[in-house]
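There are 2 protein chains.
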Amino acid sequence: MPDLVRISLLYDFYGAFLTKKQREFFELHFFKDWSLSEIAENFGVTRQNVSDVIHRSTALLEDYEGKLGLVKRFLTMTKDMERILKSLKELEPFVREEGKNRWRKIYRELAELVKEGCE
Amino acid sequence: MPDLVRISLLYDFYGAFLTKKQREFFELHFFKDWSLSEIAENFGVTRQNVSDVIHRSTALLEDYEGKLGLVKRFLTMTKDMERILKSLKELEPFVREEGKNRWRKIYRELAELVKEGCE
Numbered sequence: 001m002p003d004l005v006r007i008s009l010l011y012d013f014y015g016a017f018l019t020k021k022q023r024e025f026f027e028l029h030f031f032k033d034w035s036l037s038e039i040a041e042n043f044g045v046t047r048q049n050v051s052d053v054i055h056r057s058t059a060l061l062e063d064y065e066g067k068l069g070l071v072k073r074f075l076t077m078t079k080d081m082e083r084i085l086k087s088l089k090e091l092e093p094f095v096r097e098e099g100k101n102r103w104r105k106i107y108r109e110l111a112e113l114v115k116e117g118c119e
Numbered sequence: 001m002p003d004l005v006r007i008s009l010l011y012d013f014y015g016a017f018l019t020k021k022q023r024e025f026f027e028l029h030f031f032k033d034w035s036l037s038e039i040a041e042n043f044g045v046t047r048q049n050v051s052d053v054i055h056r057s058t059a060l061l062e063d064y065e066g067k068l069g070l071v072k073r074f075l076t077m078t079k080d081m082e083r084i085l086k087s088l089k090e091l092e093p094f095v096r097e098e099g100k101n102r103w104r105k106i107y108r109e110l111a112e113l114v115k116e117g118c119e
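Chains as they are written, first to last, in the numbering used here: chain A, 1 to 119; chain B, 1 to 119.
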């Protein structure tokens, strides 16, 4: 999994445990693509300070995942759903014309759920 | 949701954050049905002490859920999957004979996933 996807998931799950300042620096750096120097300048702190805060935040998020493993659990569930969605797609030719609308509704709902799991 | 189901889920998700002692008392009381007095006697502490540990543990688990809301998120996902499973059941009469095995495999896999989500 690309690092940024993992970081987004960790932040999504455990970000509420970080302090306001940690969240602020973390979001600017990872999600708004600010450089460490830009954050430092904007907040009147050193680049080293920003770097420390972001590293500490990432380590904290990884610690929470190490303890609880809930991101891993969610990802496993999402992967299972993706496999089922694929099988459901392959079922379509075997659904009689009168059942196509039902099939489409189920497919759409499951696809939506898989998408939510990934976000 | 019955209290014990909620308590099991909270413990399942956030139990790793409790201390060894908190987990021990919590499990004996809620999952092995020991009374506070039985735990107290067995560990050579007061009944009040056991009661405090268990209340504190429950409050901690509720705090984590209040912050992260991951049990709620899991439950929502499971409920959505249950609804889809029901629709899938209703699709069966519209599946042609040659597709019945495929349908059964999908149904079984989704049912398994719903069950895991609830455990």
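Take the hints with a grain of salt, since some may be wrong.
Residues on chain B that point at chain A, a partial pick, calculated with CB under 7 Å [unchecked claim]:
#1 Ala16
#2 Leu70
#3 Asp80
#4 Leu91
#5 Phe94
Okay, the calculated beta carbon distance ranges per label pair [as the list claims (entries may be wrong)]:
#6 B:Lys20 / A:Gly44: 41 to 47 Å
#7 A:Arg96 / B:Leu75: 47 to 53 Å
#8 A:Thr19 / B:Phe31: 30 to 36 Å
#9 A:Asn42 / B:Phe17: 31 to 37 Å
#10 B:Ala59 / A:Glu112: 31 to 37 Å
#11 B:Glu98 / A:Arg56: 57 to 63 Å
#12 A:Lys89 / B:Glu82: 17 to 23 Å
#13 A:Glu112 / B:Arg96: 25 to 31 Å
Using 30 Å as the maximum straight-line C-alpha spacing, the simulated DSS-like pairs for lysine-lysine come out as follows [claimed, not checked]:
#14 B:Lys79 / B:Lys32
#15 A:Lys89 / B:Lys86
#16 A:Lys115 / B:Lys100
#17 B:Lys72 / A:Lys21
#18 A:Lys115 / A:Lys67
#19 B:Lys79 / B:Lys100
#20 A:Lys79 / B:Lys86
#21 A:Lys86 / B:Lys67
#22 A:Lys105 / B:Lys86
#23 B:Lys105 / A:Lys79
#24 B:Lys32 / A:Lys67
#25 A:Lys67 / A:Lys32
#26 A:Lys100 / A:Lys72
#27 B:Lys67 / A:Lys100
#28 A:Lys20 / B:Lys32
#29 B:Lys79 / A:Lys67
#30 B:Lys79 / B:Lys89
#31 A:Lys100 / B:Lys79
#32 B:Lys72 / A:Lys86
#33 B:Lys79 / A:Lys89
#34 A:Lys72 / B:Lys105
#35 B:Lys21 / B:Lys72
#36 A:Lys115 / B:Lys32
#37 B:Lys115 / A:Lys115
#38 B:Lys100 / A:Lys32
#39 B:Lys79 / A:Lys105
#40 A:Lys115 / B:Lys20
In case anyone wonders, no lab produced these hints; they're calculated from the structure.
Just so it is clear, CB atoms sit at the ideal spot from N, CA and C, and this is done for glycine as well.
Cross-check of the supplied hints:
1. Ala16: Holds, about 4 Å.
2. Leu70: At 6 Å from the nearest chain A Cβ, Leu70 (chain B) passes the 7 Å test, so the hint holds.
3. Asp80: Status holds, d = 5 Å.
4. Leu91: holds, 5 Å
5. Phe94: holds, 2 Å
6. B:Lys20 / A:Gly44: 41 to 47 Å: holds, 44 Å
7. A:Arg96 / B:Leu75: 47 to 53 Å: Violated, at about 35 Å.
8. A:Thr19 / B:Phe31: 30 to 36 Å: The hint (30 to 36 Å, Cβ to Cβ) holds, given that Thr19 (chain A) and Phe31 (chain B) are roughly 35 Å apart.
9. A:Asn42 / B:Phe17: 31 to 37 Å: holds, 34 Å
10. B:Ala59 / A:Glu112: 31 to 37 Å: Roughly 36 Å apart at Cβ, these two residues keep to the hinted range, so it holds.
11. B:Glu98 / A:Arg56: 57 to 63 Å: Given about 59 Å between the Cβ atoms, the range holds.
12. A:Lys89 / B:Glu82: 17 to 23 Å: holds, 21 Å
13. A:Glu112 / B:Arg96: 25 to 31 Å: holds, 26 Å
14. B:Lys79 / B:Lys32: Status holds; Cα separation ~28 Å.
15. A:Lys89 / B:Lys86: holds, 18 Å
16. A:Lys115 / B:Lys100: holds, 27 Å
17. B:Lys72 / A:Lys21: Holds, because 27 Å separates the two Cα atoms, which is no more than 30 Å.
18. A:Lys115 / A:Lys67: holds, 26 Å
19. B:Lys79 / B:Lys100: Status holds; Cα separation ~25 Å.
20. A:Lys79 / B:Lys86: holds, 21 Å
21. A:Lys86 / B:Lys67: violated, 35 Å
22. A:Lys105 / B:Lys86: Distance ~12 Å between Lys105 (chain A) and Lys86 (chain B) Cα, so the pair holds.
23. B:Lys105 / A:Lys79: Between Lys105 (chain B) and Lys79 (chain A) the Cα gap is close to 17 Å, so the pair holds against 30 Å.
24. B:Lys32 / A:Lys67: holds, 24 Å
25. A:Lys67 / A:Lys32: With a Cα-Cα distance of about 28 Å, the restraint between Lys67 (chain A) and Lys32 (chain A) holds, given a limit of 30 Å.
26. A:Lys100 / A:Lys72: violated, 35 Å
27. B:Lys67 / A:Lys100: The given pair, whose Cα atoms are some 43 Å apart, is violated under the 30 Å limit.
28. A:Lys20 / B:Lys32: Answer violated: Lys20 (chain A) to Lys32 (chain B) is near 40 Å, above 30 Å.
29. B:Lys79 / A:Lys67: Cα-Cα ~26 Å, so holds.
30. B:Lys79 / B:Lys89: Cα-Cα ~15 Å, so holds.
31. A:Lys100 / B:Lys79: holds, 24 Å
32. B:Lys72 / A:Lys86: Holds: Lys72 (chain B) and Lys86 (chain A) sit about 27 Å apart, inside 30 Å.
33. B:Lys79 / A:Lys89: holds, 22 Å
34. A:Lys72 / B:Lys105: holds, 25 Å
35. B:Lys21 / B:Lys72: Holds, at roughly 27 Å.
36. A:Lys115 / B:Lys32: Answer violated: Lys115 (chain A) to Lys32 (chain B) is near 39 Å, above 30 Å.
37. B:Lys115 / A:Lys115: Holds - the C-alpha atoms of Lys115 (chain A) and Lys115 (chain B) are around 21 Å apart, at most 30 Å.
38. B:Lys100 / A:Lys32: Given that 30 Å is the threshold and the Cα spacing comes to 49 Å, the pair is violated.
39. B:Lys79 / A:Lys105: Measuring from Cα to Cα gives roughly 17 Å; hence the hint holds.
40. A:Lys115 / B:Lys20: violated, 37 Å
The structure shown violates the earlier hints numbered 7, 21, 26, 27, 28, 36, 38, 40.
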